[in-house]
Amino acid sequence: MKIPRPPHNWRIGYRQAVVVQKKLALQVRETSLEVEPRFAAGIDAAYSKDGSKCIAGVVLWDLKTMDDIEHHTAVTEVGFPYIPGLLTFREGQAMLAALRNLKNRPDILLFDGQGIAHPRGIGIASHIGVITGMPSVGCAKSRLVGSFVMPGEKKRSKSPLLYRKERVGTVLRTRDHVKPVFVSIGHLIDLDAAEKLVLDCAIKYRLPEPIRLAHQLVALEKAEGS
DNA sequence: GCGACAG
DNA sequence: ATCTTGTCGC
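Start counting the first sequence at 4; every next residue gets the next number (the numbering used here).
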């Protein structure tokens with residue numbers, strides 16, 4: 004599938020990365036979904052044993068038949084250290100490459116990380132959403148920024164994630180008695196639709212199936228390439 | 001100045 | 001993320 008080239012270089016310094024984020028953050032849009040999504044692409048990444056390469060995986064999930072339509076991986080050289088708030092500069096390049104391998108166009112992108120629940124309002128889900136111009140959602144396993152009260156123990160219990168007096172996401176319980184996930188809009192979607200997508204995909208486990216499968220995919224790729 | 005800190 | 005097996009709890 005056709006994916007635009009990033010409007011910036013991936014191998015840049017910390018200072019420049021922050022400048023890039025501030026610029027792209029102005030393009031993030033919260034809107035209602037055009038149509039009900041049917042195909043969601045789950046994206047995740049892993050690293051080669053020596054940590055020199057980033058392995059990204061994408062799984063195109065059919066929300067209707069609850070099936071894996073197609074999946075691919077892509078590998079790139081890691082050219083940026085892990086710095087909270089700058090994760091995109093470590094995995095973004097590989098993720099875009101993996102998305103280019105898709106034959107079918109997803110209705111929406113689901114990321115293992117934050118959307119706008121980020122210091123500068125542009126976590127990996129929002130960043131890739133802006134570059135691709137596609138609707139996207141962030142579903143992180145832990146908090147980056149913001150405060151909240153722990154939601155109830157039952158599935159679907161939730162509480163708002165607040166940051167600087169603003170609502171940036173939802174702490175959502177996807178299964179009874181399991182740690183909640185942190186959902187935030189990425190781009191071109193609203194929080195209600197983002198929450199619904201995550202719940203609709205979290206059928207058997209805590210994480211949405213597309214993300215869980217993408218995680219297994221890169222884990223296998225990692226094992227082979229060693 | 002002291003913590004917090006996606007993956 | 002990654003190093004790693006069994007084990008306690010719903």
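Honestly, I wouldn't trust all of these hints.
[Unchecked claim] Label pairs and their computed distance ranges (CB to CB):
no.: 1; residue 1: V181; residue 2: R103; range: 31 to 37 Å
no.: 2; residue 1: V22; residue 2: R103; range: 35 to 41 Å
no.: 3; residue 1: T68; residue 2: R14; range: 38 to 44 Å
no.: 4; residue 1: V38; residue 2: E80; range: 26 to 32 Å
no.: 5; residue 1: K5; residue 2: S55; range: 15 to 21 Å
no.: 6; residue 1: H11; residue 2: D203; range: 20 to 26 Å
no.: 7; residue 1: M153; residue 2: S55; range: 18 to 24 Å
no.: 8; residue 1: A226; residue 2: P87; range: 26 to 32 Å
[As the list claims (entries may be wrong)] Result set (SDA-like, lysine to any residue): computed pairs, CA atoms no more than 20 Å apart in a straight line:
no.: 9; residue 1: K182; residue 2: K225
no.: 10; residue 1: K5; residue 2: G136
no.: 11; residue 1: K225; residue 2: K5
no.: 12; residue 1: K158; residue 2: N107
no.: 13; residue 1: K106; residue 2: K56
no.: 14; residue 1: K161; residue 2: D179
no.: 15; residue 1: K199; residue 2: V78
no.: 16; residue 1: K106; residue 2: P40
no.: 17; residue 1: K158; residue 2: D195
no.: 18; residue 1: K225; residue 2: A100
no.: 19; residue 1: K158; residue 2: G136
no.: 20; residue 1: K199; residue 2: E37
no.: 21; residue 1: K67; residue 2: K106
no.: 22; residue 1: K25; residue 2: A100
no.: 23; residue 1: K25; residue 2: G88
no.: 24; residue 1: K56; residue 2: V22
Simulated from the structure, these hints should not be mistaken for lab results. Predicted model only: the values in this text are computed from it and were never measured. Every residue, glycine too, gets a C-beta built ideally from N, C-alpha and C.
request  = Could you tell me which of the hints above the structure violates, numbers in ascending order?
outcome  = 2, 4, 5, 6, 7, 9, 11, 12, 13, 15, 19, 22, 24
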